[in-house]
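Novice: In the order they appear, the protein sequences are chains A and B. Just so you know, the first sequence maps onto residues 0 to 378 in numbering that gives the first Met the number 0. Just so you know, the second sequence maps onto residues 0 to 620 in numbering that gives the first Met the number 0.
No lab work stands behind these hints, which were simulated from the structure alone. Just so you know, even glycine gets a beta-carbon here, dropped at the ideal spot from N, CA and C. What you were told as hints is all true, and nothing was included just to trick you.
Covered, in the sense of this in silico footprint (three residues per stretch, anywhere, with C-beta under 8 Å from a C-beta of chain B), are these stretches of chain A:
(1) 214-228
(2) 259-269
(3) 314-320
(4) 363-376
Partial selection, computed: residues in chain B whose CB lies under 10 Å from chain A:
(5) F548
(6) L569
(7) L589
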Amino acid sequence: MTDPRHVALYVHWPFCQAKCPYCDFNSHVVAGVDHSRWRNALVAELDRVASDVPDRILTSIFFGGGTPSLMQPQTVRAIIDAARTRWSVANDVEITLEANPTSVEADKFRAFRDAGVNRVSVGLQALNDTDLRALGRLHSADEGIRAFETARDVFARTSFDLIYARQHQTREAWEQELRRAIGFGPDHMSLYQLTIEPGTAFGDRFDRGRLKGLPDEDIAADMYELTQSITASAGLPAYEVSNHARPGAESLHNLTYWRAGDWVGIGPGAHGRFTRHGTRLATETFLAPGAWITAVESGNGENNRQSVSPDDIQAERLMMGLRLTEGVPVEDIAPDFLSRVHEINELMESPALDVSNGRLRVTSSGRPVLNAVLRELLV
Amino acid sequence: MAEAGQDHAPSTTGEFRYISSAMTDLAHIRNFSIVAHIDHGKSTLADRLIQLTGTVAERDMKDQLLDAMDIERERGITIKANTVRIEYPAKDGETYILNLIDTPGHVDFAYEVSRSMQAVEGSLLVVDASQGVEAQTLANVYQAIDADHEIVPVLNKIDLPAADVDRVKEQIEDVIGIDASEAVHISAKTGLGIPDVLEAIVTRLPAPKGDRDAPLKAMLVDSWYDPYLGVVVMIRVIDGVIRKGDMIRMMQTGARYGIDKLSVLRPAMQDIKELGPGEIGVFTASIKQVRDTKVGDTITHEKKGTDTPLPGFKPSQPVVFCGLFPVDTNDFEDLRDAIEKLALNDASFTYEMETSAALGFGFRCGFLGLLHLEVIRDRIEREYDIDLITTAPSVIYHVYMKDGSKLDLHNPADMPDATLVSHIEEPRIKATILVPDEYLGDVLKLCQDRRGIQEDLTYAGARAMVVYDLPLNEVVFDFYDRLKSVTKGYASFDYQLMGYREDKLVKMQVLVNDEPVDALSMMVHRDRAEMRGRAMCEKLKELIPRHMFKIPIQAAIGGKVIARETLSALRKDVTAKCYGGDVTRKKKLLEKQKAGKKRMRQFGKVEIPQEAFINALKMDS
Ligand SMILES: Nc1nc2c(ncn2[C@@H]2O[C@H](COP(=O)(O)OP(=O)(O)OP(=O)(O)O)[C@@H](O)[C@H]2O)c(=O)[nH]1
Ligand SMILES: C[S@@+](CC[C@H](N)C(=O)[O-])C[C@H]1O[C@@H](n2cnc3c(N)ncnc32)[C@H](O)[C@@H]1O
Ligand code: SF4
Ligand SMILES: [Mg+2]
Numbered sequence: 000m001t002d003p004r005h006v007a008l009y010v011h012w013p014f015c016q017a018k019c020p021y022c023d024f025n026s027h028v029v030a031g032v033d034h035s036r037w038r039n040a041l042v043a044e045l046d047r048v049a050s051d052v053p054d055r056i057l058t059s060i061f062f063g064g065g066t067p068s069l070m071q072p073q074t075v076r077a078i079i080d081a082a083r084t085r086w087s088v089a090n091d092v093e094i095t096l097e098a099n100p101t102s103v104e105a106d107k108f109r110a111f112r113d114a115g116v117n118r119v120s121v122g123l124q125a126l127n128d129t130d131l132r133a134l135g136r137l138h139s140a141d142e143g144i145r146a147f148e149t150a151r152d153v154f155a156r157t158s159f160d161l162i163y164a165r166q167h168q169t170r171e172a173w174e175q176e177l178r179r180a181i182g183f184g185p186d187h188m189s190l191y192q193l194t195i196e197p198g199t200a201f202g203d204r205f206d207r208g209r210l211k212g213l214p215d216e217d218i219a220a221d222m223y224e225l226t227q228s229i230t231a232s233a234g235l236p237a238y239e240v241s242n243h244a245r246p247g248a249e250s251l252h253n254l255t256y257w258r259a260g261d262w263v264g265i266g267p268g269a270h271g272r273f274t275r276h277g278t279r280l281a282t283e284t285f286l287a288p289g290a291w292i293t294a295v296e297s298g299n300g301e302n303n304r305q306s307v308s309p310d311d312i313q314a315e316r317l318m319m320g321l322r323l324t325e326g327v328p329v330e331d332i333a334p335d336f337l338s339r340v341h342e343i344n345e346l347m348e349s350p351a352l353d354v355s356n357g358r359l360r361v362t363s364s365g366r367p368v369l370n371a372v373l374r375e376l377l378v
Numbered sequence: 000m001a002e003a004g005q006d007h008a009p010s011t012t013g014e015f016r017y018i019s020s021a022m023t024d025l026a027h028i029r030n031f032s033i034v035a036h037i038d039h040g041k042s043t044l045a046d047r048l049i050q051l052t053g054t055v056a057e058r059d060m061k062d063q064l065l066d067a068m069d070i071e072r073e074r075g076i077t078i079k080a081n082t083v084r085i086e087y088p089a090k091d092g093e094t095y096i097l098n099l100i101d102t103p104g105h106v107d108f109a110y111e112v113s114r115s116m117q118a119v120e121g122s123l124l125v126v127d128a129s130q131g132v133e134a135q136t137l138a139n140v141y142q143a144i145d146a147d148h149e150i151v152p153v154l155n156k157i158d159l160p161a162a163d164v165d166r167v168k169e170q171i172e173d174v175i176g177i178d179a180s181e182a183v184h185i186s187a188k189t190g191l192g193i194p195d196v197l198e199a200i201v202t203r204l205p206a207p208k209g210d211r212d213a214p215l216k217a218m219l220v221d222s223w224y225d226p227y228l229g230v231v232v233m234i235r236v237i238d239g240v241i242r243k244g245d246m247i248r249m250m251q252t253g254a255r256y257g258i259d260k261l262s263v264l265r266p267a268m269q270d271i272k273e274l275g276p277g278e279i280g281v282f283t284a285s286i287k288q289v290r291d292t293k294v295g296d297t298i299t300h301e302k303k304g305t306d307t308p309l310p311g312f313k314p315s316q317p318v319v320f321c322g323l324f325p326v327d328t329n330d331f332e333d334l335r336d337a338i339e340k341l342a343l344n345d346a347s348f349t350y351e352m353e354t355s356a357a358l359g360f361g362f363r364c365g366f367l368g369l370l371h372l373e374v375i376r377d378r379i380e381r382e383y384d385i386d387l388i389t390t391a392p393s394v395i396y397h398v399y400m401k402d403g404s405k406l407d408l409h410n411p412a413d414m415p416d417a418t419l420v421s422h423i424e425e426p427r428i429k430a431t432i433l434v435p436d437e438y439l440g441d442v443l444k445l446c447q448d449r450r451g452i453q454e455d456l457t458y459a460g461a462r463a464m465v466v467y468d469l470p471l472n473e474v475v476f477d478f479y480d481r482l483k484s485v486t487k488g489y490a491s492f493d494y495q496l497m498g499y500r501e502d503k504l505v506k507m508q509v510l511v512n513d514e515p516v517d518a519l520s521m522m523v524h525r526d527r528a529e530m531r532g533r534a535m536c537e538k539l540k541e542l543i544p545r546h547m548f549k550i551p552i553q554a555a556i557g558g559k560v561i562a563r564e565t566l567s568a569l570r571k572d573v574t575a576k577c578y579g580g581d582v583t584r585k586k587k588l589l590e591k592q593k594a595g596k597k598r599m600r601q602f603g604k605v606e607i608p609q610e611a612f613i614n615a616l617k618m619d620s
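Excised from the complex, chain B in its bound form (with noise of 0.2 Å):
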């Protein structure tokens, strides 16, 4: 593999410079993912090892540098993977290329991890060692496992006093099942212990493997869209070579293109001449169609390339569905091109389109979870500057008519006539919850009043393990805030698809000054159909602003009122002081007021805000 060595000779434009010969040799190739539940420390960790191996220059450095998007660095969670390339002179005196990829903690972005895995062949495995296992550090494990990976744990924030390296190490090996005698100790924060993390990569994570000679095979690991250099692709390349200007070929989607740039991700990308085996990196391609990038498929040669794909990757199931529709309804058209914009970014998104009598046209969209929804919707308003309105969130629920046909309902407002209908079934989870015993009480009345089923209540020293059977229509509006807020954020929360039953379900639809409102409309169990009805007509009450007649606010189920509100009448709104001074304030007033009106929906005579749409549906119990 000297020659290959010599092929990467510094570039023309002397920005990259390679060191020694240590370039694509397998041997000298460690490629990774850093896995943990929420917040444990993943993207501090990936900040102190681009750092020490002084990939990007110190006045550059940031924390969490590599959480780049606004919503990220808002909400201080990771959303998106991300891979960075780094050289590390290692203790045997031979330079390492070492590809980390930094992961999502939360259980929304599950696919952005299982992903990931697929492109690389060890894990760091971060616990923080003042929390212990989570539940999405068990989900986690069991992702790596299940991809083969070789684990390498790592203790974080052994700076902090309430840090218990014992307990959790004791805990990883008793509820995990891996061994944790040579768990490394960090703290991300300070530093301490990052020299020693870099050298468990080199000796205990495996080389990739791979045939330099063979043709070309490379997996699509992740694609988006840049607004300067169009779609970017990001691959790994298992077998062969890819370089600047080949012409390649998609097997599943059947797409050709030429490769305009070949670059690594530094994080920046920084351009290469070619990519060997075991390497991982972007390409752009003048890819116009979207649709032509699918993530888990495989890349090769136009001529001469592999017959045998890999084998691409689960597809991930969306379990929970709103319609997004533009305020402006002149905004279709960019909605629609946002949409396929970031469904690339984001292969755990789907959408079609929908139209409603209420909205106009717009896309019903499946999420994996209420956070997906939310950084979704706000990636549009913000990134493309649409003002959406979200209807309910649903999940899909199995129709059966009396003629035996069986409808996959996933939108309430196509709910057909309730008199055709047979019966309905709804999808069902598995929770694993991990809460601290005193807030065990608490927990399992949430789980109760969802309608759960407990199927298994466990300790593991001072913690609970309960797992539930969940109607996940159940959990998609509000379990998760709610489990925070009755645990004070102490449980961790992760759960499966189980499967489908039947239940008593019915449509519950929201009429306001007796306009239904459709984007309101929810599928809810019977015995609970009062209670929502009632906590939906108190929420509007409070949501939609008084008007100048009184309006009232009803739940019903078919033509049945089973709960009522009225809204009074505007009773004050006037301006008290008023004088020369205050003419051209008063009119820009109005006229903000004439711009506000925009992110309103009429409805009959009643407008409608449409922050109250989702907040609607925030139950509070």
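This is chain A alone, in the form it adopts within the complex (with noise of 0.2 Å):
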């Protein structure tokens, strides 16, 4: 499915101006970031990643998160630049940056665009100052608006983020909510429901049984279907499991990691997986940011390299592959995992899988449920 002469390439900023109470991603709050020694830093990683994946055609370039809008345009530049001259580059190669709303990141929009960013991800979250505050998040509603207008007039593509199923969040609202959204003329959104991750500020509450007014698994599945149905309505389906785009503006550089092809990662805490040599590797870099840059300067950010086995090529595959609407195509697939099917949709009142023209998808049944899906595959 995946052309094995292309790469896309990630690259991991791990700062914010806050932590949000919710987020597990590697994100950090610090004083002061020295951008020129960030900037050398992820320079010198770009240069020995692709060293591992030479000679091939570069399709994607994502910068994210942390919040990549605080990168000073000139880094981006500098890693865009650096990338061109190592690989050649697809002529509709998608450069994406996650972008926080505040209209000081807005205001460096058109300085990102002239550094070769050509797509930008809003992270809007919320549509009023409420919830957007219990998110700990640092903008308001009109200010994350006003910032994805901005973005949608200077960029060629854009997307945002929504967060839903919050606290409180009853489905009318959330209803409302996501018409409100599409009206903004998105042709790419992400409409995640909150995880309550552990190690987070909300984990904790959680565990306390302090954090309140959760929507329980039939509201959140309520909640889900809508989604569906008002997206599909809308022109904009889903193409994975929390992902809409009208027809042809889905997330190049996302795919990539559900259709299991190339890419690398340079950053604190980026993975990549490649194959060199008739192999495929996983790797990854150190996590925390100043173990991270201490080792890029002393040669290699990497800290962890492995050969994924055969057997996990294609848990990766089907784990990674079913959250697609276009699902996995049967060649793909060890006759094992295809003989289980018959037998995981007979334990549901509705099909689960579905097997045709050539490809094992999940139905919209099986969908929401595709963890306990995988678990009957996999497990």
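Now that you have both chains on their own, put them together as the hints suggest.
Specialist: So, in structure tokens, the structure goes:
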């Protein structure tokens, strides 16, 4: 499915202005960032990972975080320029940057575009101020919407993120919020159900029974169904569990993950997966920003490299691929797994899996319980 | 006896120095147990006695030093009785050897106390001066009197503002009927009054009796399995002398062994050349057969032994039974080994092999109560690293068949077809509960709800003492927990088995997705069956995770469904965000779930987590 000559690049920027209470990403709040030092380190790492996968065509770059909109545009430019010297670059290369929608960051959008970014993903998260505060966000709803409008003017492609199934949110409230958001005219949306992650402020509060008003499983399931139907009729159907796009506007970069293509990663805690001399490798860099930059400056930010066994390749292929509406081509799946499909479908009232036109897919009744389907399939 | 002292010249290793001539001279030995209601401060008092006599180096001291098991430290209670030998230079200028046995306070471990008492001549009766006399205080005093003990009352925790020494003394005299005028006042926490306790031990407790020249007669008090030393046997010498290298015989089991190592407990083992009358110590003897050591047995020399064994201990009566099965059926042999070793250490625990359609091979085990059950289960899981499934606790029913035969039913799964049964009898207990006035109403209601019949109600000051005749089956599950919660911990409870009585008892089965789960079947009173069935189904609905399909959960008597719940199908379980950095994490999660499956049991298409089994049986009302 994915072209073995292609490669994607992930760049992790680990700093934020404040730590959101739900967030378990590798994000840190620090007093001052030495931008030129980080620029040099990221470019050095780019050189290192490029030598793992030389002679490839670069199809996408994704600046993720943390908050990459806090990067200096010249750092973004330096990385994009370095990538262009290392690989030949596809004509339709997709270069995405995640942005937090404060006015300060919106003011930098043009500079990011000039540096080479052609797609932004704006972290709106919610459309009312009370909920934004509860999520620990530093922007108001209006500020967020204005930032998104600026983004739409500046960039060819835009997306935004919303978090739903929040505390005290009703089905009706989410429906209204979603309809309003669709009205902003995105070509892509990531709509995430709030996940309580262990080790976060929300996780601690939850464990102590102090996180009140979270929707129960039934409400969460209703909200998910609602999301599917509203987005589909608005012409932005789900192409993945939480991602919606106008046909053709899917995130190429993220498709690389879900289709088990090759990517390399730079920055603290960045992962890579790529095939080299016939072996698929999984790589990982130092997670803590301090440890990472020290390691990079003494020559190598990587701290783990393992070959992925054929069994794990298969597990990863299904785990990631079944998240996509398009599913996984049957030729990529061992017969063992295919033979279990019938048995799994027998368990449910309507089938969870579907094999047709040479592909295995989860059905609309299987997708909301994909983890259970994967357990049956893989465990 | 002067020569006896000579025998104990400094040992060759030099690690153990005997003081002066006092040695095994009977007049210079005092043996005693420390008994009390739970938490009244026995182990803390033992700490102070150990500390003040310099038995353990200051740097090695810690709170409740003798509670060495993880599970004791976690729960803050004593489970096993522990013995320590300490040396005390008394005010009379003589040095005494004191063997103290710290005992558990909880009613489920009462057998440890009664056994310990057989090995000593006196008891320190500790009473928390802020709490007063409690149910186990009474139970322990009666046992001590039965064992002919001299009793020294010790009022502890006088550092607490709530301590009321005069009131508690009055209680001791009124309720127990022993003289409290010379009770020792202490704070085991601060160390206040501890020298007085030591003096009281020497001056008020009797020295042991015994004949050094008679044939060896020693009481097997306890035994345990030590991973390095194998089976360790604790003895109290009555007559004669036992030495390292001696050939000995256990009179009941007939087993013969040579003593490899002879030690005293300080509390670590310290080698000694011999133990004479009145002394307490331990030995190892390369004992291969765990069954050879039976507590209460008499140990004598193989040649020229005694002919008159000691009377032995009254065996304990297990009252709660349940099945223990390995989660992983391959662990069965390991489980057998673990159970044998634990039974060695705990004479009140019984077991026999059992097979279950759903659970495979396991053991039906008998316990003195639910805490005892929990402790044994925990110890097997931790000390032997075996995951267990615990089936519904049950008592022994007497099932009378129409053909005139009688069956002792330990396991509801073995209940014969109801049409063949004439009638069923269940065990009843006499429960004594002491409770402050303001909670009396709640306690009476609880007992009434559990089919209790009130036998007595008296007052001692602001506290009531209620005596109830209760079916044991209603008590074994969670009566103690409920009692604690309705009285905010202020009630105390003790019980005695009284006998059997006929009642309307039926077997209730539980069906999950139409499959019977034999591990959850239970005997219930017919009038309480609907309520228990409903509670069980509701509980299981909470405890069984949602599956991809809906699951009916039913309780039934014979073929008749008496309660039903439906666990609806899983509706939402999907990871919201999964990108490049999440692949590894997500895969690990799946692997963890694979491991988690080990703790599940498959019933047809349904997987039931093992925690569900025991939690399903805890009732909320
Ligand atoms: N204030 C105060 N607390 C004490 C005193 N003696 C013991 N305690 C506390 O009482 C609690 C119970 O003490 P333990 O020594 O474990 O009681 P125990 O009688 O051995 O308990 P079990 O073995 O479980 O029956 C602990 O928290 C002790 O610290 C005392 O003199 N004063
Ligand atoms: C790397 S994060 C955010 C990028 C950017 N710093 C921001 O906060 O807007 C990507 C997205 O994941 C989503 N997200 C993060 N933690 C989440 C959680 N616990 N539950 C659901 N969605 C979450 C948010 O929508 C967020 O925008
Ligand atoms: S959600 Fe975004 S802004 Fe908030 S801490 Fe995480 S990465 Fe930073
Ligand atoms: Mg204790």
